[in-house]
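Protein sequences appear in the order of chains A and B.
Residues in the first sequence are numbered from 1 upward in steps of one, following the working numbering.
Residues in the second sequence are numbered from 1 upward in steps of one, following the working numbering.
The reader is advised that the hints may include incorrect statements.
Subject to a maximum C-alpha distance of 20 Å in a straight line, what follows is the list of computed PhoX-like cross-link-like pairs (lysine-lysine) [as the list claims (entries may be wrong)]:
(1) B:Lys298 x B:Lys319
(2) B:Lys334 x B:Lys177
(3) A:Lys320 x A:Lys297
(4) B:Lys319 x B:Lys334
(5) B:Lys334 x A:Lys280
(6) A:Lys66 x B:Lys209
(7) A:Lys320 x B:Lys40
(8) A:Lys289 x A:Lys320
(9) A:Lys289 x B:Lys177
(10) A:Lys280 x A:Lys296
(11) A:Lys66 x B:Lys334
(12) A:Lys323 x B:Lys108
Derived by calculation from the structure, the hints in this document are not laboratory data.
As the structure is a computational prediction, the values presented were derived from the model and not from experiment.
Listed below are the residues making up each chain.
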Amino acid sequence: MAKHETPFLDQLESGPWPSFVSDLKQQAEVRAKNEEGVEFQIPQDCVDDLLGVLELSYKHGRTHWKHGGIVGVFGYGGGVIGRYCDQPEMFPGVQHFHTMRVAQPAGKYYTSDYLRQLTKLWDFRGSGVTNMHGATGDIVLLGTTTPQLEEVFWTLTHDMGQDLGGSGSNLRTPADCLGSSRCEYSCYDTNALVHFMTNEYQDELHRPAFPYKFKFKFDGCPNCCVASIARSDMSFIGTWRDNIRIDQDAVNKYVENDAAYPSNAGAHKGRDWGPFDLEKEVLGLCPTKCMKFENKKLFIDDANCTRCMHCINVMPRALKIGKDTGCSILCGAKAPILDGAQMGSLLVPFIEVNPDNDYEALTEVVENVWDWWMEEGKNRERLGELIMRQGFQKLLEVTGIKAVPQHVQYPRTNPYIFWKEDEVEGGWERDVDEYRKHHLR
Amino acid sequence: MAFISTGYNPAKPMENRISDIGPKDYNEFYPPVIAKNKGKWSHHEILEPGVLVHVADSGDEVYTVRVGGCRLMSTTHINEICEIADKHCDGHLRFTTRNNIEFMVDSKDKVEPLKNDLASRKFPGGSLKFPIGGTGAGVTNIVHTQGWIHCHTPATDASGTVKATMDVLFDDFQQMKLPAQLRVSMACCLNMCGAVHCSDIAILGYHRKPPMLDHEYLDKFCEIPLAIAACPTAAIKPSKIKLANGTEVKSVEVKNERCMYCGNCYTMCPSMPLADTVGDGIVLMAGGKVSNRISVPKFSKVVVAFLPNEMPRWPSMTKAISQMVNAYSNGANKYERLGDWAERIGWEKFFEVCELEFTHHLIDDFRQQAYMSWRQSTQFKF
Chain A
1 MAKHETPFLD QLESGPWPSF VSDLKQQAEV RAKNEEGVEF QIPQDCVDDL LGVLELSYKH
61 GRTHWKHGGI VGVFGYGGGV IGRYCDQPEM FPGVQHFHTM RVAQPAGKYY TSDYLRQLTK
121 LWDFRGSGVT NMHGATGDIV LLGTTTPQLE EVFWTLTHDM GQDLGGSGSN LRTPADCLGS
181 SRCEYSCYDT NALVHFMTNE YQDELHRPAF PYKFKFKFDG CPNCCVASIA RSDMSFIGTW
241 RDNIRIDQDA VNKYVENDAA YPSNAGAHKG RDWGPFDLEK EVLGLCPTKC MKFENKKLFI
301 DDANCTRCMH CINVMPRALK IGKDTGCSIL CGAKAPILDG AQMGSLLVPF IEVNPDNDYE
361 ALTEVVENVW DWWMEEGKNR ERLGELIMRQ GFQKLLEVTG IKAVPQHVQY PRTNPYIFWK
421 EDEVEGGWER DVDEYRKHHL R
Chain B
1 MAFISTGYNP AKPMENRISD IGPKDYNEFY PPVIAKNKGK WSHHEILEPG VLVHVADSGD
61 EVYTVRVGGC RLMSTTHINE ICEIADKHCD GHLRFTTRNN IEFMVDSKDK VEPLKNDLAS
121 RKFPGGSLKF PIGGTGAGVT NIVHTQGWIH CHTPATDASG TVKATMDVLF DDFQQMKLPA
181 QLRVSMACCL NMCGAVHCSD IAILGYHRKP PMLDHEYLDK FCEIPLAIAA CPTAAIKPSK
241 IKLANGTEVK SVEVKNERCM YCGNCYTMCP SMPLADTVGD GIVLMAGGKV SNRISVPKFS
301 KVVVAFLPNE MPRWPSMTKA ISQMVNAYSN GANKYERLGD WAERIGWEKF FEVCELEFTH
361 HLIDDFRQQA YMSWRQSTQF KF
């Protein structure tokens, strides 16, 4: 018998898509029965109360959570988010219901052994409710009490070799696409790089020293499956500098509509779009029109290719990314608060991704950017906003990167160039008396 | 419920402390076929909705069955996922960026039993536990935020709006008949901790009323300077208020016309709540993308300024979303993303074919970039 009536939520149990309400109800029931004999460290009926408070929000059209004070684990300034219910007497099981962020593994690969360790811990010391995963990428453990925080952290670090993620004005837990682990498009090993960077910058991740949050995301190719270009202060997107590799026989298989060579790797199988038409679907949609097909041979003018991935996506068995691979770095993406949304702006067109020297080319750029942002950034100013305020030229200056036309979509449309004194021959100090010898007052 | 200690000693927090160890090493988690062929993949194919094969240069194959997952997930459900992984995949699995779960097997004959097992599992209420799909030219899972389940500033629920939307778009999750992939995202307030601003369709919770001021308690519960500093538009200033009983208290004053309803002040100061039954609701945005494919990444545009919160299934919202998806499906060319289609036909036609009303709220008036969105041309369609 459910502790609270939930007539609104009950209506979200039907329909084909997995019902989170059904899942929470089964969780409440599992806790109530407790067949495993768990010595619950937070109220056994917390999930019943979670359903109850959510139902109340459905009735009121308003949340019943308060942001909560300073809670955390000793020595860390992030990873725990305090949360309190504003109806504690009605729902005592979720009176204190803090969130813990747990750093997810690269590529979000897991073994069942590991996940069972985690679920066992969270049944014992928390609500058993999670997010797999939060928007930034962390495993999110949803709902425990203050005395359990250190205990959960202890078990994570001592028994599972697992640390917390970031929150607040910290480096947030970096995230990646699955990269070359299972994708032929990936121009670098995103899993290795995200793992390195997360470990390299543990201090920045756990101890707030930044003006505001800072996000790294790693996309293996310009398809941007992890959306780094839209939502990370520094976005690392795989690319290449040489030529797309062409298997001409395979190109002709696509042209012949061979069944083993479906266009777009089979992504359009659900509708009859007619026979595959190379001219129309690939050459005609190429943004730079740098391709031609003559005498059963495909030519790509690679010098004019912008590596948009379309032709490769359409014919993955015929076209491969180049071999001289690395990544581009874009800076400053963020959601709209406050000056409007920003997309990442290209800072480094190409940089090597080299694990053998601990990615030193990349970390140098990162640390130069951080030095500037930590010195000049105002409280709660994201990197993108600092770039807007002090200018893209300033970003180039602090990173020691030479301006190239690739940095802009088009050159400035106003001539109001703020010359620096040392850029102008002779400087700005002049002798007005000398001037007046030739120009009467 | 006796407290059971791990050994942590609050009096000596540094004793035996382990910190700064980061995430687990991904190498421990790779399925063997992934570990063996990493970096040496030749190509892939989507065999049917939700089922992919990746072929390595070595000739090895990995078959992936992708299923939709709720980001809000219980340990009971995770344990069931583990059971499936043990039964079919030697204990391996992964999650995608968009909250899908991927079960991988190393030969084709293991695919059908896995699919059948996944498809057979249902919750008592009738919903599927593991719907197979989310690949190719269809709708994949919605990435979203917390909403009313666990956040203090949401203007709507996240899990509920997502469930309602995915039920309506479910056919397109399990099929690949759209012109291109269609990515729907959900954020429950304008802070967008799920960055939805570059999605084909974005559902956004939005408040429309400035915070209320609990003057009698404000100075007792809050650090007034922190509340003032939290405001991104500098709409809050200190004030002195005379209460009904005559006592004068320190409090704040909000310049309502400057408020953008972000709730950042409420984060700092619980005496400034802003949630409101009729003030809060949904904004719909459309036409964004993050991929560099064919066209460059672009922001989503606001196409519906406000819809009320209609619990528990938000019918006005799902109706508007369906109208957009149907018009896009009927009108766009193969490979054309929703935003590219809208730009090709013109946004004036977009509103016409989607049967959405254009209102003055949809004309940008926020700071400098507003100008860029006005029409500086005589080229338009009647």
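Against the structure, the hints come out as follows:
no., hint, verdict
1, B:Lys298 x B:Lys319, "25 Å, violated"
2, B:Lys334 x B:Lys177, "10 Å, holds"
3, A:Lys320 x A:Lys297, "16 Å, holds"
4, B:Lys319 x B:Lys334, "24 Å, violated"
5, B:Lys334 x A:Lys280, "10 Å, holds"
6, A:Lys66 x B:Lys209, "18 Å, holds"
7, A:Lys320 x B:Lys40, "12 Å, holds"
8, A:Lys289 x A:Lys320, "18 Å, holds"
9, A:Lys289 x B:Lys177, "27 Å, violated"
10, A:Lys280 x A:Lys296, "16 Å, holds"
11, A:Lys66 x B:Lys334, "47 Å, violated"
12, A:Lys323 x B:Lys108, "31 Å, violated"
Comparing the model with each earlier hint shows violations of hints 1, 4, 9, 11, 12; every other hint is respected.
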